[in-house]
Amino acid sequence: MHSGSESLIREFVAAIGLTGATVELVSRSPEALKHAVRRVLSGGIEVPSESSGSALLAEPDDLPSELWDPLRNLEQVVDNPPDNQLRSARVGITDAFAGVARTGSVCVAVTAKLGGAVSLFPRSHIAVLEARNIVSRPGDVFTAGQLENKGMKRSFVFITGPSVTADMGELVRGVHGPDHLHIIILEE
Amino acid sequence: MARLRTIPTDQIHPRDVADKSVKGSLERAIRMALEVESGAVRRNTQTFNLGRYQATADIADYEELKDRARAIKEAAIESLSELLATLEASVTSRGGHYYLARDAADACYYIKRICLERRARLVVKAKSMTTEEIGLNGVLEQASIEVVETDLAEFILQVSGEQPSHIVAPAIHRSRERISQLFKAAFETDHPLDSGEDLTRFARDQLREKFLTADIGISGANVIAADTGTLVLVESEGNIRMVTQAPPVHIAVAGVEKVVSRREDLAPFIELLGPSGTGQPLTSYTSVITPPLDFPSFSFGGSPARDRQFHLVLIDNGRMTMREDPVLREALYCIRCSACLNVCANFQTVGGHAFGGETYSGGIGGSWEAGTGTLQKARFTELCTGCSRCVPQCPVRIDIPWLNTVLKSRLDRAGGGVSLQKRFFGNFYHFARWGSRVTPFAGSVLRLSPSRWLLEKMAGVDRRPDLPESAVRPLTRQYRQWRKIQAPSVSHAEQETPHRKALLFADVYTNYTLPQRGMATIKVLECLGVQVELSRVMAEGRATLSQGMIVKAGRRAENTAAYLESRIDQGRDIVVVEPSVLALFRHDYRHLLGNPALFEKLKANSYDPIEYLLKIIGEDELELKQIFNVEETAGGRIFFHGHCQQKTIDATAPTVTLLRQLGFEIDTSSAECCGMAGSFGYKREYHELSMSVGEDLFNQVRQTEIPGGDRTILASGISCCEQIRAGISRRVLHPMELLAEVML
Ligand code: SF4
Ligand code: SF4
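For the record, the sequence lines run as chains A and B.
Reading the first sequence from the start, the letters are residues 1 to 188 in the numbering used here.
Reading the second sequence from the start, the letters are residues 1 to 744 in the numbering used here.
In isolation and in its complexed conformation, chain B is listed as follows (with noise of 0.2 Å):
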């Protein structure tokens, strides 16, 4: 190999920050990774993520097939222990040796145990998180063997010395000229440097020797089937053909978690793993092997060929205890095909050595870090910011946002309690509320920097952000005085029995910080017939879910949920404005409800203003014509950007087709998050990555508006309206608002 030299580190060394359990090490993490990494990063992601939506677009039956893969995975875990016993008898019929290690040291202790008995001096490894979680490597180098890294992406980690910063992509966050200056630093040679070509060619080159005289082969597994002892290896350069192909010895080592039952239960996952991941049908390669092969070993160099050895070292490392826990249990059904990363706007911003410890990363990673170690190191999990986007992205459904708020939720406990920070955020309701009552007093106060100095020393909330200002009126006193008026000619829809009724849910964020998007909604839909009441101001549990704050999300839920069915048992279907509080109802109250069937029907009886006009339109089979003035609307340009969680709960197209069917010229934003999200752009460690994540929907702005002008910029949430406020400083309409003002 060519010579290695020590290479000089950068400021901040991502090993440095790896471990989160550790004091301030997201904060700087996150600092490193915004200043070095983020461009990379996102390029990257984006692309894998823009591959997932197409190839899994592709699958026809995508659901179906989620649903086959997720049975599996539930059935495996829920069998393991017998499951294991039948690999174990699979794999030693064939004459193949099976360990099932305790903990990482367990596991190191038997590989190098075998290394040595092997006299092995080199060993050749494919890429492996389990392994990176054991710290594999770092053992066999204190026995003087060599360990050489031949996936491209760990053999750059292995010269930079940095920790993966993305479980499928582990060099996610270097570019082609770090990756060539750290080459160049690193090697003394002759080989060019500069091209991607170049750097794959010299790295082959030193790679191929490698395979051909190395004494053992380590691999990971992405799928063990039991019944046969038959392991799924997926990937793209071939070097995983090599390690178990080339060397006499192959190791395996895998979680317990990769059993599954049968060899046909493979399929699914090889299937899913591509297009969900970097958005291929199937990678270059995927081996499906029932390992020891039945053929002997090269003789490459004059070396004998030998009979094949074959271990496979499973590894409980606390997976065992995790199936024990009823949340933690969820991640045991993860393929890794980090489709919950590449979809992440936090992660696309940053990576995994912020959003990330010390081998898994992105929103699954926090569950993997205090599963396999302790839960201080998933303190990462505060960049989730239960955008909900990964939900419907995951081949095995799991709910990562809710993992994610459990582990917030337990790390508080631990940390002894509550931050002022969370409660000041989770209580906006008693803030919003107090701040009805006085404004437009506390509006000026809180524009004053000596409050704002105050609140971010006390509870952590960035002085440079505006936070929401209440509303001169909320609400709730607009709709009484708008009654008042319209009284004598709304008193028909009263008398008659109106043919639809609707609550409207007066959530906390319309109804005081921008209630004009109520009202809008109110007035159009009363214009189509619709006799629409006003609900009580009540806080639902969307704040308090958001910082963890389980049990008191859970009572509001509860309250919240019986005064609907009351409404819902009324006649009435409840239309939501605001999406994130949607999306409480018909997504994340699954998880707070005592009742599921509860739970159930607010699902199926909540909308979306648009989704609820649209079904009006199609049910009363009325004409738009009728109802706005198409001549005005016709040709209209207009941007939108759809709410994260609305899009999850499938409750943006409405807006985009109703748009499309008024002759609106309409650009909809492919950035899966404003970066807001909430709260989360206010808090002060977070709030340059929110404004950095923000870029990419401001710029998607100014690129529509190149060719043609102004659009008018339509977001349905109010978190997103506030970021591109801030952002662009614009006007930001809900498409409610843009309505009424076409209505006739």
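Pulled out of the complex, with its shape left as it was, chain A reads as follows (with noise of 0.2 Å):
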């Protein structure tokens, strides 16, 4: 099966739902992302009382900036965080450059571009991606010739679902990461 196809995004959105993560299909256009952005940003994402009202947008390790410079703008967006907003926002926004359908994970570059970071500290993550850049299990990911060898170059992480933990006697979301992940996959 080749990356991006119907089927895979059809699968990509099943495991996405089992691993309590929420997910939507956009058409890859500036706009349409920005408007799906800024309905999440005011109320699809719940706001956890502590946190102030920000969200940090990271810069993008592989999404064109046509797509993302209209996100800037947006009311509650913070630009170019500086390091200490990372402790109290409440949402991070970043690309990821790989989905993989088996398992629902977005894989986020740890790199300058602090995608690594702001995907880990706000209590929200929104990470976007492309629908062309799914593969079909995580092995795929150091495939050579796949994903333009991203996947064998990079440091990254594979996000599979919010932070969760089972260590206090039950299953409780939201430990050291977000406790709450939400996809936003473009299409072409």
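Hints may be right or wrong, so weigh each one.
Claimed, not checked - Here chain B is said to cover these stretches of chain A; the calculated rule only asks that three of the stretch's residues, wherever they fall, bring their Cβ under 8 Å from a Cβ of chain B:
#, stretch
1, 78-88
2, 99-108
3, 123-133
4, 138-148
Read the hints as simulated data drawn from the structure, not as lab findings.
By construction, the Cβ of each residue, glycine as well, lies at the ideal position given by its N, Cα and C atoms.
Hints given; two lone chains; assemble the complex.
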């Protein structure tokens, strides 16, 4: 099955449902993406009371700037956040260079663009992914020729659902990482 | 951080019984675990166990994936020295530091030096069994460095002062109630500490500040690629991501065995770890990072961002010696997924404080404690009954019970010989034969309390359970008498060359204790036109092997195999009623026979009775209704408990299939093992544990009988049968006995 095919997208969406994350498909255009993010920020994600209202925007590792730039002007969005903002932000927005259909995971680069931190510190994480970068299984990320070999080169993290623990006797979401993950898939 | 108070201790603190080389510690640990920890361990491990079955079933190429993982590990350990050189070059070329520590002291010294050089006051740690192994926390704390465990389970252990009870979920022995009690006693805080949510929020708030102000983060690593210096770190909470990204210095500590050759080799391990461990396709976060990360560290609260420093500290601490040991070398392939803990009935019942040492626990734990510590520390491998349920679960195909058998035999040799108890059980053959000669005399003598008292004192045979009683007439005698009566009618099968010939192996258990199982099998098979010969009775090595008496088991195996081969060469299929003996031929003999081809031959030609029956029915295109009274069987209610080793060699499914085809309404046991496991439950020091393991099975029988009333209880193993009888006082049949009853 080649990456990004209809059936992969369907499998991916179904798997995301099992991880406790949420997902939506939007068409690949600056307006559609901006609209989707705005909608999520203005109520789609519950605001934990102790956090301030800001949403941090990481620089994209892969998404072209024509898609990303409009997000900078959104209300609440803090572009190029100072490190201290990481401590208190409500939402972090990053791109993801791969999605894994079987597991419902997204791969976020851990680079100077700060996707690693922006997807970790805030209480919610929005990951933006291009449909054509959905592969079948985790191992495909390491296959030569897939994803322009990004999975073979960079530091990254497979993110599968929110941060969870069962160590305290029952399953609790949101330990050191976000308690909510929302994935936006951009379809051609 | 909220203030810490000193904590009141339970009667036996797990730490006091962690080192199993101390005499009496294993027995005390079992008692403590059964009293305090069993409930939580059982619930948690059984959840993981079920999760693993589901998650691995979803991987279409699971078996091939395991083969790949195994091959990668074998190749890596084989060329470990070269890989370490490659890895050193990869790490240093990126500006990282590489250090290969000889032993625990060396590793701790190096890490302490870095901390002192950086003037570190606060170190945040992610879960790492390797740093437990080397006792790192104590060393750093002595140097007045604050060490904070950030994995929530490790955080609990830091407060309770306990050692890990599980290699993946180290606080698995604590229920929420006991965590809540612990925290309320330990912390002065207004924060509510009751629900799991409360406790998690509390711990998170405590730890968040620590991440932001820590000078150094210390993590482990699940797998390391030599060619790029890439680490894989698997977790659910996010603390590992914090530890590796937030502080300016990252130290990764790992055993040398974690290194594989190339970055693409990481893939099968990433795909196997989650499913094999907690049963998740992938855990929340799987970091694939090549440190030092190429962006400056963060500046929280005013401290300036700094370039990152990275140290990879690899640890030998006995591993290079394990590599030279043909048996312990296997343990180096272990990826610490915990499948062998979660599937293990004994582990499910007591957890790693009893079935484990100071760091490592479960079936594979003994090899690690022996390899990185001393052989004596592996004494808890006595709790491995050899049930073999872990074997098909291991993603790198380690034969864990075999490793434990070897450890037991080494322990015996080091301890000056095999104990009377082990010789008693290892020589069940002689005991049973003696019993059958003097029956009914032996049976009644053994029921007398003075003899049981003596047996308990001398040989450690618990005086409570009924010992298997010798049958009045062993199978061999019953068979001879039956043949005489049958002779005229069967003769046609012998005159014409019979279509099929089988040898029923008269294993000592069937022969001396429950011969009716053997007779039922013979009758059913003959009825299908199979000409059945009964073997002579011989000790085949199962009992000796389960006591760790390898040399003797080897001799018995060679004898038995030679005899069986002569019969196979005459065109006979080997049918074995007792599953533990069948598993011996199909699995354990690979270790015991000098000739691998002979092993393969035995394996290919030996059958479970029902497996054989299905084969005949299929090949001869027989119809069930011509053989069995299907009107009688339809709707009959059955509870079936497959034998542990029978499940492992895939010989249980045919029973279920056939019974279903006959129209029975059948419920199967999900207990991995009955708890008796051969002779385990008869041993004085393990009898209670064995009955506690059995509770799961007894409860299942009771549960399945709530709607609709009694079921016919079937069990294929003799010890399972004894165990169920002891637990719920019910009649238990071998499936063949039932089939003999419903034959036309
Ligand atoms: S063989 Fe059985 S008892 Fe031994 S470790 Fe494996 S599962 Fe546990
Ligand atoms: S021995 Fe196998 S099953 Fe057990 S922890 Fe290691 S890899 Fe997992």
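Hints breached by this structure | When the structure is compared with the hints, only number 3 turns out to be violated.
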